[in-house]
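Asker: Please take these sequences and the hints and turn them into a complete structure.
Okay, so the sequence shown: first residue is 449 according to the working numbering, each after it adds one.
Calculated directly from the structure, the hints in this document are not laboratory data. Fair warning: there could be bad hints in the mix.
So the derived label-pair ranges between C-beta atoms look like this [said to hold, decoys possible]:
hint	residue 1	residue 2	range
1	460	509	14 to 22 Å
2	466	499	15 to 23 Å
3	491	470	24 to 32 Å
4	472	492	17 to 25 Å
5	502	471	17 to 25 Å
6	470	492	12 to 20 Å
Don't be surprised by glycine CBs; every beta carbon is placed ideally from N, CA and C.
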Amino acid sequence: MAKTNKGKLKAQLAKALGTNPDMPDDQFVIDCHDAIMVNAETSDQESELNGLLNQFRALVA
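Answerer: What follows is the structure in structure tokens.
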């Protein structure tokens, strides 16, 4: 079940941020973090994206 959630989160983050979901998880987290810093237009959007990224980090830790 965690794998399904991980896959869904990765796909959701990749779609929202334009990152590559095929890269290794550790590099994906770094790229997503950088993309959030660059692309988030509002603090609410940044918080939402960081929340998704934190959920993903918890699954791959």
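Asker: Does each hint hold? Answer for all of them.
Answerer: Structure-based check of all given hints:
{"no.": "1", "hint": "460 with 509: 14 to 22 Å", "verdict": "holds (18 Å)"}
{"no.": "2", "hint": "466 with 499: 15 to 23 Å", "verdict": "holds (18 Å)"}
{"no.": "3", "hint": "491 with 470: 24 to 32 Å", "verdict": "holds (30 Å)"}
{"no.": "4", "hint": "472 with 492: 17 to 25 Å", "verdict": "violated (30 Å)"}
{"no.": "5", "hint": "502 with 471: 17 to 25 Å", "verdict": "holds (19 Å)"}
{"no.": "6", "hint": "470 with 492: 12 to 20 Å", "verdict": "violated (29 Å)"}
The earlier numbered hints that this structure contradicts are 4, 6.
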